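Q: Okay, here's what each chain looks like letter by letter:
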Amino acid sequence: MAQSSGIGLKAQFYKEVLDASPPVDWFEVHPENYMIAGGPPLRYLEAIRSHYPLSLHGVGMSLGSVEPPSPGHLDRLSVLIDRFEPFVVSEHLSWSRIEDTFFADLLPLPLTHETLRIVSANVCRAQDRLGRTLLIENPSAYLQFSEPEIPEPEFLRELSQRTGCGLLLDVNNLFVSSFNQGFDPIEWLDAFDLEAVEEIHLAGHAVDQASGQTIRIDDHGSPVSAGVWDLYRTVIQRRGPTPTLVERDANLPQLRDLVAEAQMAARIMREHITHVGDDWSPPVRDSAKLAPVRVDPGT
Amino acid sequence: MEEGGDERITELLARPSAGPDITTRLNVYRNNIAYAVVRAMETLYPSLCRLMGQAFFERIAADFARTHPPPHGRLVEYGFEFPDFVSSYEAAAAYAWFADVARLEVAWHRAYAAAEAPSLQIGELGAVPPDRMSMIELAVHPSCEWLESRFPVSKIWRLGRDETEPDAPIEVEGGPEWLMVIRPDTEVEVRTLSEAGYHFGFALSKGLTLGGAWEAACRLDPSFDLQGHLAGFFAGGTFTDYRLAADTSNSDDGDPS
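Residue numbers (the working numbering), protein chains in the order written: chain S, 1 to 299; chain Z, 1001 to 1257.
No lab work stands behind these hints, which were simulated from the structure alone.
These numbers were taken from a predicted model, which means no experiment stands behind them.
Every residue gets a Cβ at the ideal spot worked out from N, C-alpha and C, and that includes glycine.
Just to be clear, a hint being listed does not mean it is correct.
Unchecked claim - Example chain S residues on the side facing chain Z (calculated, C-beta under 7 Å, incomplete):
id	residue
1	GLY38
2	ALA47
3	SER50
4	HIS51
5	TYR52
6	GLU99
7	GLN209
Unchecked claim - Restraint-style ranges between C-beta atoms, simulated for each label pair:
id	chain 1	residue 1	chain 2	residue 2	range
8	S	ASN251	Z	ARG1050	39 to 49 Å
9	Z	GLU1137	S	ASN251	46 to 56 Å
10	S	THR101	Z	GLU1163	29 to 39 Å
11	Z	ARG1132	S	SER78	20 to 30 Å
12	S	GLU85	Z	ALA1127	36 to 46 Å
13	S	GLN209	Z	GLU1007	40 to 50 Å
14	S	ALA11	Z	ARG1008	50 to 60 Å
15	Z	ASP1084	S	GLY212	16 to 26 Å
16	S	ARG270	Z	GLU1007	50 to 60 Å
17	S	ASP230	Z	ARG1039	42 to 52 Å
18	S	ALA250	Z	GLU1081	49 to 59 Å
19	Z	GLU1090	S	VAL66	51 to 61 Å
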């Protein structure tokens, strides 16, 4: 799986994926869209899963909320995991929920020691219930809290060490956050635990102007930008080939355009292997896992 | 997230050293939240969105989201209270049929995402002795939804869904409709029934025996065609199972006349 690349599966692509079997290695979906009793989306996902490995990328767990993840949500996710046997299950370092109100976005957390305790406990609860490790993703951020914070890469490293979770590095989010907050993404990577990264996300973002100031917005609405591809090359040089996903949620192009982006990621990974020679092997993490990540038997 | 609480929030935030001010940054999150919910509503109510026009729909959906924020992260199961909100929305008061189009879209969506179940074939009732037929209770398909409207709501809904001109102008006050929405297999079907046929099926779905449902239908239409309606419902995959109600001495369901 290491050098593999996939794309986010949108409903608009179901039929074409089944008819044309596009040359991508795997697909990823938001499990929340499949937390229904039955119907065409589940049927399509099942049919596509019989041909491709699948990753579940959650947006509804709200691991940063003070209250623990909803047991009902974990139950529903568990049902999907049993049914679709994803090779990874991921979530975000963010919050979305206060009691019975859900904000449909990945909201930022003050990265304090208290937050680290809360998120670690929530990740452990989720992993215990699901019987497997999660990957946790760095969100795109537009602001920072004034309290003294643990820098985000250290926070994620510590979270991974405390909970055994893996990390999902969203290169576009890093690019967007570093621009909006004025930090150096390379320094961020220097402090980040790349060895814990088991999946990478790539996506496009918008460049908006607000009262004469530029802000980059993570809208998944355009092709991966040149700056993000450059940062991705740096990540691959340091980490080696890592399963990479191209996400697109708005202004959907033709499926073949997304396939081409996924193939671009695969090419960058291959070039890296050629560059370092055949004896390259991925770095091995020494931290113990709660449970082995199930890999699709067909891969 | 309402605007106006900015001062309390900004106290907690670091002043950006460069780039946009804090309010602009907060608004990115506010826009994301509003956008996600309106997009979810658009997915659930595609016909209503076209009938209302994009701008008006987005306004009413955003107003709905402010008073009815999602209670969970499953936006595929959000917004089912919207029809009632629409029916009491002042700016839409002149379009009383909006709410029923919304109700039909909820029924369509529920049928679309309902549990799967194989349909019962009418031949399977052959094992029931003729004198017990009136005691049959039928389980309706989990995707089955029922909708009564004083408007020709399915015609209006199709107009919005298909974006094609109808063969003839739709008379909005052109009479009521009785609808059953069901997805026995892959496709959601919206079926127009007679008033008696609707109440016959609806009575069965509420657990009445075949005899009881027949009686209910005959009250509306004394010449109600039991055989024809039953065959039609079976052909459409409406039922998944049957059983015989316990025979009680005062039961006399079999003869509606």
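Q: Evaluate each hint against the coordinates.
A: Going down the list of hints, with the structure as the test:
The beta carbon of S:GLY38 is positioned within 7 Å of a beta carbon in chain Z (closest approach about 4 Å), and the interface hint is therefore held. A least Cβ separation of about 11 Å between S:ALA47 and chain Z goes past the 7 Å threshold, and the interface hint is therefore violated. Annotation: interface hint on S:SER50 violated; nearest CB of chain Z at approximately 17 Å, more than 7 Å. Interface restraint check for S:HIS51: the shortest CB-CB distance to chain Z comes to about 19 Å, outside 7 Å, so the restraint is violated.
The closest approach between the C-beta of S:TYR52 and any C-beta of chain Z is roughly 21 Å, which is over the 7 Å cut-off, so the hint fails. Because the beta carbon of S:GLU99 sits about 9 Å from the nearest beta carbon in chain Z, more than 7 Å, this interface hint is broken. Proximity of S:GLN209 to chain Z is violated relative to the hint, the smallest CB-CB distance being about 9 Å (cut-off 7 Å). The supplied range of 39 to 49 Å is broken by S:ASN251 and Z:ARG1050, whose beta-carbon atoms lie about 20 Å from each other.
Under the hint 46 to 56 Å, the C-beta atoms of Z:GLU1137 and S:ASN251, about 52 Å apart, fit the expected range. Hint check: S:THR101 to Z:GLU1163, Cβ distance near 35 Å, so the stated range 29 to 39 Å holds. One distance hint, 20 to 30 Å for the beta-carbon pair Z:ARG1132 and S:SER78, is violated here, with the actual separation near 44 Å. About 41 Å separates the C-beta atoms of S:GLU85 and Z:ALA1127, a value consistent with the hinted range of 36 to 46 Å.
Separation of S:GLN209 from Z:GLU1007 is about 25 Å and departs from the stated range, judged on CB atoms against 40 to 50 Å. Distance hint check for S:ALA11 and Z:ARG1008: the Cβ-Cβ separation is about 40 Å, which falls outside the suggested range of 50 to 60 Å. Evaluation of the 16 to 26 Å hint for Z:ASP1084 and S:GLY212 yields a failure: the beta carbon distance comes to about 44 Å. The hinted range of 50 to 60 Å is satisfied by S:ARG270 and Z:GLU1007, whose Cβ atoms lie roughly 53 Å apart.
Range check, S:ASP230 to Z:ARG1039: Cβ separation about 31 Å, and the 42 to 52 Å hint is violated. The given range of 49 to 59 Å is broken by S:ALA250 and Z:GLU1081, whose C-beta atoms sit roughly 27 Å from each other. Our hint of 51 to 61 Å for Z:GLU1090 and S:VAL66 is violated, since their Cβ atoms are close to 39 Å apart.
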